[in-house]
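**Student:** Chains A and B, in that order, give the protein sequences. Take the first sequence: its letter number 132 is residue 178 in this note's numbering, and every next letter is one higher. Take the second sequence: its letter number 31 is residue 529 in this note's numbering, and every next letter is one higher.
These aren't lab readings, by the way, just hints derived from the structure by calculation. Cβ coordinates follow ideal geometry from the N, Cα and C atoms, glycine included. Any given hint might turn out to be false.
Mimicking PhoX-like on lysine-lysine, the simulated pairs with C-alpha atoms at most 25 Å apart in a straight line are [stated by the list, open to error]:
(1) Lys536(B) <-> Lys263(A)
(2) Lys258(A) <-> Lys247(A)
(3) Lys536(B) <-> Lys222(A)
Example chain B residues on the side facing chain A (calculated, C-beta under 10 Å, incomplete) [as the list claims (entries may be wrong)]:
(4) Leu514
(5) Val522
(6) Phe524
(7) Ile525
(8) Leu526
(9) Phe528
(10) Leu529
(11) Phe530
(12) Cys531
(13) Gln534
(14) Asn535
(15) Asn538
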Amino acid sequence: MNETTHSAYTFGTASLEIALMLIGCFLLGALLCYLLKKMGLCCKKSTKTVVLEQEAQEAAVPTDPVAQMRARIGSSQQTVSYPPPISTQMPRLDQETTYEADLRSLLKGRTSEQDHLDSQTRSTTPSPPATAFPSRVTASAPPKATQAVEPSISPIVLPDEDHVDDLKKLEGIGSKIEKLLNEAGIKSYAKLATMDRDTLKAILEAGGSQFKLHEPKSWPYQAELAAKQNWQRLKEYQDFLISGRNP
Amino acid sequence: MFENITSRVDLSDASLELAIMLGVAFILGFLFCYLQNKSND
Chain A
47 MNETTHSAYT
57 FGTASLEIAL
67 MLIGCFLLGA
77 LLCYLLKKMG
87 LCCKKSTKTV
97 VLEQEAQEAA
107 VPTDPVAQMR
117 ARIGSSQQTV
127 SYPPPISTQM
137 PRLDQETTYE
147 ADLRSLLKGR
157 TSEQDHLDSQ
167 TRSTTPSPPA
177 TAFPSRVTAS
187 APPKATQAVE
197 PSISPIVLPD
207 EDHVDDLKKL
217 EGIGSKIEKL
227 LNEAGIKSYA
237 KLATMDRDTL
247 KAILEAGGSQ
257 FKLHEPKSWP
267 YQAELAAKQN
277 WQRLKEYQDF
287 LISGRNP
Chain B
499 MFENITSRVD
509 LSDASLELAI
519 MLGVAFILGF
529 LFCYLQNKSN
539 D
């Protein structure tokens, strides 16, 4: 080997090259982990962590089954004048309307009882008594997008326009969809809870073809639960959802 | 003093050591990112 060709290749140069290569490999490893996380193949919450969190939540509630049942009944009776769901059953369509009716009556500053009575007096056709939500009563009428985007809700209960909730806590909503909803003026849970499925679908389709496959049917109900700070029921509901869709 | 140091080192040994060091750095970088993501969760 011709040593004269290495006369400029000193120990310092070699060390610098090696250090640079080490840093490069370090960054490559971090980049690989980041990409795997983005692809969902890495850094997921382990089942053990989820189990520990569930145990912590269970430890927070009373261990006595009777006390648990009382707590559940008490939590569901906070806003109720309808028969509340007592057990941990998953919310179905009739319960969904009950929740919507509760929230809307709160937002309008009215009691659910009044809404219930009003719906009974207004409805000319026989309808289920639990559907006090007006849009549910007039289900045959097509939803009006402009009306749903700007609902006539009392500003006393609605949060400020500047109030921004983390919509990503809802199953099926990621950062891009959250940004899209924010641009559409939906920044809070209470606002999202006033939307209907068709309006949200129209917003998604207007956002681009990449959002067309998303199904926003469950988002208003999830937002209702989040607006009520009913995180436990929200988690139970989300466990039964697959990417925000009803199972 | 340190000139021509590469000429005195067996190239295969140096390559092996360098490969090991790079591999360890790669794993360290991966672990760094992994643990950081874990702590964020």
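**Student:** With reference to the structure, classify each hint as holding or not holding.
**Tutor:** Checked hints:
1. Distance check on the hinted pair: Lys536(B) and Lys263(A) sit about 31 Å apart at the alpha-carbon level, beyond 25 Å; violated.
2. Restraint check: the Cα-Cα separation between Lys258(A) and Lys247(A) comes to about 8 Å, which is no more than 25 Å; the hinted pair holds.
3. Under the criterion of a C-alpha separation no larger than 25 Å, the hint pairing Lys536(B) with Lys222(A) is consistent with the structure, at around 23 Å.
4. Violation of the interface hint for Leu514(B) is found here, the shortest Cβ-Cβ separation to chain A being roughly 13 Å, above the 10 Å cut-off.
5. With 10 Å as the threshold, the beta carbon of Val522(B) comes within range of chain A, its nearest partner Cβ sitting at about 8 Å, so the hint holds.
6. The interface hint given for Phe524(B) is met, as the beta carbon of that residue sits about 4 Å from the closest beta carbon of chain A, less than 10 Å.
7. For Ile525(B), the shortest C-beta to C-beta distance to chain A is roughly 6 Å, which falls under 10 Å, so the interface hint holds.
8. Evaluation of the Leu526(B) hint against chain A yields a held restraint, the C-beta minimum of about 6 Å falling below 10 Å.
9. For Phe528(B), the interface hint holds, since its Cβ comes within 10 Å of a Cβ in chain A; the closest pair sits about 4 Å apart.
10. A cut of 10 Å between beta carbons decides the hint on Leu529(B): the least distance to chain A is about 8 Å, and the hint holds.
11. Proximity of Phe530(B) to chain A holds as hinted, the smallest CB-CB distance being about 6 Å (cut-off 10 Å).
12. About 4 Å separates the beta-carbon of Cys531(B) from the nearest beta-carbon of chain A, less than 10 Å, and the hint is met.
13. At a threshold of 10 Å, the smallest CB-CB gap from Gln534(B) to chain A is about 9 Å, leaving the interface hint in force.
14. Look at Asn535(B): its Cβ gets to within about 4 Å of chain A, closer than 10 Å, so that hint holds up.
15. With 10 Å as the threshold, the beta carbon of Asn538(B) comes within range of chain A, its nearest partner Cβ sitting at about 9 Å, so the hint holds.
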